[in-house]
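Novice: Letter by letter, the chains look like this.
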Amino acid sequence: MAEHGALLQCRVCSHLSHPPRQLKRFEVMHCPRCGARVKFAQQSNSVEVTWALLIAAAILYIPANMLPIMSVYMLGAGQPDTIITGVYHLLEAGQWPLALIVFVASIVVPLLKLFTLSFLLISIQRRSRWRQYDRMRLYRITEYVGRWSMVDVFVIAILVGLVQFGNLARVDANLGSLSFAAVVVLTMFAARTLDEHLIWDITRQEEQQNA
Amino acid sequence: MHDNKGLDDNLPDVELREQRWPSLVWLIPLAALLIGFWLLFQAWYQRGPIVTVQFSSAEGIESGKTEVRYKAVTVGKVKKLKLDNELKHIEAVIELNKEIGRHLGSDASFWVVRPRVNRSGVSGLGTLFSGSYIGMDPGTNNDDQSFYKGAERPPVITPAEDGKRFFLISDSLGSMDVGAPVFYKQLQVGEVIDYELLDNQDRVQLELFIRAPYFRYVHENTRFWNASGVELNMNSTGAEFRMESLISVLIGGVAFETPAGVAGGDVSKQGDTFVLHRNYADSQEKQYATRLYYVMYFDGSVRGMGVGSDVEFQGIPIGKVENIGMKMDMDSLAVRVPVLVYIQPQYFDESFTKETGEVAMRQLVEKGLRAKLDTVSFLTGQKVITLSMEKDALPATIKTTQFYSEFPTTGTAFEELPFLAADIMQSLDETLAGINKLVNSGKLDKTVDNLNQVLSEAEQAVKAAKETLKTVDKNTLPSVTSDVNKISQDLGNTMQRIQGSMAQIDRLTAQNSPTQHQLQEMLEEVTAASRALRSLTETLQRQPSSLLRGKQGE
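Respectively, the protein sequence lines represent chains A and B. Per the numbering used here, the first sequence starts with residue 382, numbered consecutively. Per the numbering used here, the second sequence starts with residue 10, numbered consecutively.
Chain A extracted, bound-state conformation:
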């Protein structure tokens, strides 16, 4: 990592170069040898990418909940279910633990992820120094738990693959499941692209200035 005032090293071809005296707006640095983009450490676009992924996930969260995700046909009868109607049917059938699991994994967790990541991003952008340690833990929990929402998608995929007995019993995946899978994947990527050290960035900069 090249520091301001020191030399810059291209990450692709390891070529060294002088940084410019001043970096104007809309100007980005490129390696003079291989043309790859060269960045300052604090100039990471992690926040931007995370925002982009997060917004995409938030957009797809709407159809994921509004469109049916799965249709189960038993003896010719059945209908497509959205996540909410699926939970409702489970509750109706008295399977409230299952309903709870589905509700938490499919609605609460993605929603929490969206809110947590947004909260983290905003706090990073505002250079907040508030409970940095807890925020880091929150980030880690979010990143770890987030992938489990994919269980839903796997269950649908497995059911669709296994339960195809014509009119006797049949499970079809609907468009909602694709949206839902996209939401899970996008939030996972968003969590990945968010640099947790940015939470500590402000502290680090202050330490540098003090030093």
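Hints are not guaranteed to be accurate.
As the list claims (entries may be wrong) - Calculated Cβ distances over 10 Å to all of chain B for the following chain A residues:
1. R392
2. C394
3. E408
4. M410
5. C412
6. V419
7. L481
8. F500
9. Q506
10. S509
11. D515
12. I522
13. V532
14. A538
15. G542
Unchecked claim - Label pairs and their computed distance ranges (CB to CB):
16. A/W529 with B/D171: 54 to 64 Å
17. A/A474 with B/V82: 24 to 34 Å
18. A/I539 with B/S115: 40 to 50 Å
Source of the hints: derived by calculation from the structure; they are not laboratory data. Please read all numbers here as calculations on a predicted model, not as lab measurements. Where a beta carbon is used, it is the ideal one built from N, C-alpha and C, also for glycine.
Using the hints provided, position chain B relative to the given structure of chain A.
Specialist: What follows is chain B alone, placed relative to chain A:
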């Protein structure tokens, strides 16, 4: 800020490029936005119309579950069930999908499919497992509407089946039911799909559906008849048995045919109305519209004749008995049996109208056309009315009365046979009486006496002659000669008297004597009678069945 130390000076400055566009990563939310919009648009676009269908009962219908199917494809779902304002019906709010919504017409029909067992079969068995569903037919037009009345039972024909509908008018429904088969040449080509009582006509209208391509056998002159059950006809032409199919025996049915010899006419259009005949025989009759009604009075019993008995002309049925009544004249206490018949003059000539037919009938009656009762079968005693030209009928006319014109009748044809026999017997009697009279009168006796006398006289004369001849030798010739003269004189007298007797006999048996005439007549009668008897026995030998079925046409 620059620490220019040795190696560093050879290093190039970093290349600066201008980048006004935000990071490419923003394409992801853009794509998500597009996909999201597209999905929502799809969902919105795929949404079909929401219609309300009224049913009499919600049995088997569940909100959020019951599907609407068209040709076994799910095309919608019941969203909500509610009672109507008067609590008489239930209303199912149905969301249909886009495709069916595009074809939904104002004549669309909805019905609940439940397991159903009726006479024509079992249907909807699948719903035992899958639950009831609502069947639908999107109809033919595109006038969308939001409220429909649901039918109580599924239509017999599957929607959009190719075929034509026809109507039949019948006096009664008989054993017909929805689903009763329609036969053409004993092939099932359609079904009865509906029936209703016509309000003001006291008749039943059946609606038929005849499948493609069979509907092109339905012509304008096609006859439909009730093929229910078994048809057994026993009439003068023998017994006839007819049965369309076992199914029709059990559940009734309709058959149709275009009678041979009748111009079929154009292929019928959808919705044409026909008459449903009671049976096959009925349907095969010529459908002449013109009917002349006459009342006939017959002497003697009309037993063996009933409503529907034929009126024949030379063996061809040209009419029918409509009604047999009884009428009493209060003054004379004479009871008469008026038989109301109709005659279809178009059998004589198809160009006859009611008026010209009537004129022709009058002319025929003037020439000797009479009605009489005719027994067509000894066994059943069945009678028909035959119209025939009588050779020496008393002059008569068709009497126009207040109600129906009166047609002149004559004695029954079969009652003539005993009459004929009686005639013969009578003349035989007369002849015998004449002979008796002749014998009894003593005329013959006298004649015979006379003859005897003459003969005995002749004998005496011959005896005398012999004796005389004996004495010829002994006595003298002159005395012989006188004797001979005397004898010959006697003989002459005798001969004269014989002649007289013979003349008397001659007179009795002369060509023109009454006896002679009577004998001749008797012989003629006997010959005629024996001829008739011979022809009868010959007929019986050839066709013993004619005793039962009547004489067949030559």
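Novice: So, for every hint listed, does it hold in this structure?
Specialist: Structure-based check of all given hints:
1. R392: With a cut-off of 10 Å, A/R392 remains clear of chain B, as the shortest Cβ separation is near 13 Å.
2. C394: It holds; A/C394 is separated from chain B by about 13 Å at its closest Cβ, greater than 10 Å.
3. E408: The assertion about A/E408 is violated, with a minimum of 5 Å to chain B.
4. M410: Answer for A/M410: violated, closest chain B Cβ roughly 5 Å.
5. C412: 7 Å, violated
6. V419: At about 6 Å from chain B, A/V419 fails to clear the 10 Å cut-off, so the statement is violated.
7. L481: 22 Å, holds
8. F500: 18 Å, holds
9. Q506: Check passes; 15 Å lies beyond 10 Å.
10. S509: Non-interface label on A/S509 holds, nearest chain B Cβ at 23 Å vs cutoff 10 Å.
11. D515: At roughly 28 Å from the nearest Cβ of chain B, A/D515 sits farther out than 10 Å, so the non-interface label holds.
12. I522: Holds, because the least Cβ-Cβ distance between A/I522 and chain B comes to about 24 Å, which exceeds 10 Å.
13. V532: 22 Å, holds
14. A538: It holds; A/A538 is separated from chain B by about 19 Å at its closest Cβ, greater than 10 Å.
15. G542: 23 Å, holds
16. A/W529 with B/D171: 54 to 64 Å: 57 Å, holds
17. A/A474 with B/V82: 24 to 34 Å: Between A/A474 and B/V82, where Cβ atoms are some 28 Å apart, the hint holds.
18. A/I539 with B/S115: 40 to 50 Å: 47 Å, holds
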